[in-house]
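There are 2 protein chains.
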Amino acid sequence: MAHQEKETSGLEWRITLGDGSSKSLVPETGPVSRIWMWLKGLMAGLVLKVWKFLNKAWDIGVEDPRKVIHCLKAGMALTVVSLVYFTRPLYEGVGGNAMWAVMTVVVVFENTVGATISKSLNRVIGTTLAGFLAFGVHWVASLSGQKFEPLIIGASVFLLASAATFSRFIPSVKARFDYGALIFILTFSLVAVSGYRVDKLFALAHQRISTIIIGTCLCILVTMLICPIWAGQELHALTCRNMDKLAGSLEGCVEEYFDNNGELEDSDKHPDKKLLGYKCVLNSKTTEESMANFARLEPAHGRFNFKHPWQQYLKIGASMRSCAYSIEALNSCIDSENQAPEFIKKRMSNVCLKVSSNSSCVIKELAKTIKTLKKSSSIDFLVEEMSSAVQDLQNEIKSLSSLLSPAELLLSESKETEKTTSTIHLLEVLPVVILASLLIDISSRIQDIVKTVEELANVAEFKEEADDKAKQNQANINRIVPSQQNDDQQTMKALERA
Amino acid sequence: MAHQEKETSGLEWRITLGDGSSKSLVPETGPVSRIWMWLKGLMAGLVLKVWKFLNKAWDIGVEDPRKVIHCLKAGMALTVVSLVYFTRPLYEGVGGNAMWAVMTVVVVFENTVGATISKSLNRVIGTTLAGFLAFGVHWVASLSGQKFEPLIIGASVFLLASAATFSRFIPSVKARFDYGALIFILTFSLVAVSGYRVDKLFALAHQRISTIIIGTCLCILVTMLICPIWAGQELHALTCRNMDKLAGSLEGCVEEYFDNNGELEDSDKHPDKKLLGYKCVLNSKTTEESMANFARLEPAHGRFNFKHPWQQYLKIGASMRSCAYSIEALNSCIDSENQAPEFIKKRMSNVCLKVSSNSSCVIKELAKTIKTLKKSSSIDFLVEEMSSAVQDLQNEIKSLSSLLSPAELLLSESKETEKTTSTIHLLEVLPVVILASLLIDISSRIQDIVKTVEELANVAEFKEEADDKAKQNQANINRIVPSQQNDDQQTMKALERA
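Chains as they are written, first to last, in the working numbering: chain X, 1 to 498; chain V, 1 to 498.
Derived by calculation from the structure, the hints in this document are not laboratory data. Hints may be right or wrong, so weigh each one.
Straight-line distance between alpha carbons at most 30 Å, and here's what the computed DSS-like set of lysine-lysine pairs gives [claimed, not checked]:
1. V:Lys56 <-> X:Lys315
2. V:Lys451 <-> V:Lys285
3. X:Lys49 <-> V:Lys56
4. V:Lys398 <-> X:Lys285
5. X:Lys315 <-> X:Lys371
6. X:Lys147 <-> X:Lys279
7. X:Lys279 <-> V:Lys52
Based on the sequences and whatever the hints tell you, model everything.
Written out as C-alpha cells, the structure is:
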C-alpha cells in the first residue's frame, strides 16, 4: 500500500511539474530529470525500508546471539555438503545423489538438537518405510501386466497418500510424525512413479537412503558439537524465566497500585515491560509443547539425563498459566477507574504488599529450585509465610467489615470512627477488597505451582540443598537475625520479614 | 510404556506357568505353547492399540468430514500427477521433471486455499529468485578459473544460506515467507553445486520452473474447485463459534453458581463442555494469526471480497481473549469453597443473572452480526440493556452496603434486620460481591468487543439489517409484547426481558 501511494504521489508531482515546465526550458526540469527525481524518491523509500528491515534484523541478532550462531552453523553444514559434492565428479548432475544430501541438510537442520534429531528420524524412517512399500507395490504391478500396472500404481498412490494425509490430522501423529508422513507420501509417489525396473530400483534405494543418512548425521553432529542449543535446556530456561516474570509482574502490579503518591522514584518504578511480563506466560503453551516433544529425543546433556521428565514441565507451565490469568484480572482491577479512597488504601497497603511480596518470593524460590535442580530447604517455610500473610489479609478484611458496621465500633472507639462511618461504604472499599481477594486467589494458585514443581523434584530426583546451608537457614529462623549471606538473598529477604 | 508392561506381565505369567508345568506333562504347557501364548498376548495388545488408534481417527473424520474430503483431494491431485508422468515416457527417471511435479504437489497441497496459494507463491518465487542468483554466481565462478571456482561457490552458499536462515527468525518474514526462504536455500545450493555448464543450466531451469508452475497450478485448482476450504471463511466461522462459546460459558457459569438448590433439571444443566467453552478462546491466537495471513491471499469467495479486512478479526480475537481471561477468574471464583450464605445469594441472584444473560445476549448478537455480515439494528439497544443491568447490579451492591451498616437500617426496617445485622459480615458478602464486580468487569470488556466488531462492520461495509425488520423490532420495543418471530429469537429474548 505504502509503495503504491508513493507511486501515485510521484505521478501527481510529476504532473504539477509538467505544468510548470512550460515556463522554463532549462533541461533540469525536462522529462528525463522528472523521471530521475521520481526514481530517486522511489529508491529513497526503498532504501529506507531495507534499512529499517536490517535494523530490525540486527536487533534480533543482538538480543539473542545464538540465533546468529545457528545461522552460521546452517551455512557451514550446507557449504560442507555442497563442496564435497561439487569437488567430487558428479556423473548425474543435480539429479544424482548430491541433490539428496543437500536437500536433507537444508530441510533437516533445525535450531535445537531435539528438533534436528526429530526431523532426521522422521526423514529416515519415512523414506525407508515408503521405499519398501513402494518396492512391493512396484513388484506386484510389474507382475500384473502392462494393462493393470497404471491402475494398481494409481490406486495405491491414492490410498496411501489419502491415509497419510489424514494421519497428519491426528494430534498424536501431528505432534511427532508430521514431517515423516510428508516424506512418506513423497518417497512413495516418487518410487511408484519412477519408470525403473525393480533390480535397478533396489540399488537406487540403497544409494539414496545412505545419502540421506549421511546428510542427517552431518546435521546432527554439527548441531550437537558446535554451540549446541538443546530443546530441553531451552524449555528449562523458559520455565525459569517465565516464573521470574510472573513474580516480577505480581509484585510490580501491587506496588504500583499502592503507590499513588509517587513515593517510588521514577528510576525505581517498574517499567511497563516488567509489569506485563505475565503476558509471555499466557502465550507460551505452543512453544512449551513442541520443546517438550523435542527434548524427549535428546541424549543426556548438561545436568539433564536422557529420561528427564520433560512432560512435567508442561504441567508446571499450565499451573503458571492459571496463575497468570489471575494476574491479568489483577492488572485490569488496577487499571480500572474505580479507585478506593486514599486512607483505605493506606490501611490495606501493608498487608497486601506483604502477601504479594511473599507470594513472589515463593515463585522466585521455585524458579531457583528449577534453576539449580536442587530441592529447596526453605520452600515450606516460605509457603507458610505466604499462608500467614494471607491469613493476616483475611483478618484485615474482617476488620474492615467491622469498620463498616458502626454499632460495634461506637462502643470501642469514639472520635475517629464517627467521621469514618459517615464516609465508608461498601462500594468504596470494594476495589481494595477485590484486589485482596484476587491476591488470595493467586496465592492458592501458587500452591498448585508448588505442587507441580515438587512432583518434578521427586520424579527427577533433585538433590537436597547442601545440608550445612539448610542448617544455617534453620539457625537463622530460630534466631531471627538478618543474615549476611549474599548468595541466597531471596530466602533471606523472607526471613528478615519474619 | 503400556506396551512394556504388557510384555513384563506376559513374562511373569510364563514363569508361573513354568512352575506349574513340572506337574503336568501335557504338550499345551510346553515352551512352544508358552511362546505362542506370549505372542498371542503381544498381538492382542497391538491389535487393541491399533483399534483404539483407528477409532480415534474415525472420530476425527466423523467430527469434521471436510478433513476426509481434504485427504481424498490430496490423494487425487497426487494420483493425477503421478499417472501423467508414469504413462508418459520418462527419459530421466526419478531424477527428471516428474520428480519436481510430484514433490511440488506433495509439499504445496494444504488444507485451505489460502495456505496452498501461499506455499505455491513461496515455492515459485523462492525457486525463481534463487535460480537467477545461482545462475549469476555460477557464471562468475566459471569465469574465475578452476582454482577459485569452489571458493566462490562455497563462500556464496555460506553467505546466502546463513542470511536466508537468519531471515526466518524475523517475525514478519517467518509469518509469510518461511517456506520461501527454505526453498531459496535449497534451490540456490542445488544449482550452485550442479556441475552443469551455464548454457545447459538455462534450459534445465526453464524446464524445472515450468514443472513447478504446473504442479502448483494443479494444486490451486484442485483446492479451489473441489469442496474448497477457505482460510477466510474458517477464520470467520471460528470467530463466530468462539463468540457463541464465550456467551454460553458466561451465562452457564453464573447460572450454575446461583443454582445450588438443584432447581435446574439434570437435562437442563450445562455440561462441563459448554461451561469450559471459553478455554477454546484462550488458545486460538496462533490459529487466528495464520488463518488471517492465508486469507489475505485468497480471491473473493462466498460473501467475502478480496480485500475483506481479515486483520480486524485478530483485533476481535484479542478483545474476546481479554474477556475470556475474566471469565476464567469468574470460573475460579465459582469453584472456590468460600461460598456466600444462601439468602444473600438469593438476594443477588436476579440482578446477576440479568447482567450475565444480557451480556451474553450482546455477544450472541455480535456473533450474529458477523455471521450474517449485516449491521445489527438492535445492538445499541442490547448494549444499553446491559449497561442498565450493570447499573442495577451496582445499586444492589450499594444496598448490600447499607445492610451492613445497621445504624441506617434500624430506622427504616425493624424485625428482619435485627437478625440480619447480627449475621452479615463483609467476609460473607464478599464472594457474591466479587462475582458481581467480575461481571461488571466482563461487561466493560464486552463493550471493547462491540467496538472492534463495529470497526469491522464499518471497514467491511456491512449492510444495515433489512429496514422492515428493524422497524418491526422498534415497534416491538415500543409495545413491549413478546414477538412471534422465530428467526430472530435472540433479540426477542432480550426484548421480552425489557
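The hints, checked one at a time:
no.	hint	result
1	V:Lys56 <-> X:Lys315	24 Å, holds
2	V:Lys451 <-> V:Lys285	19 Å, holds
3	X:Lys49 <-> V:Lys56	50 Å, violated
4	V:Lys398 <-> X:Lys285	41 Å, violated
5	X:Lys315 <-> X:Lys371	17 Å, holds
6	X:Lys147 <-> X:Lys279	63 Å, violated
7	X:Lys279 <-> V:Lys52	38 Å, violated
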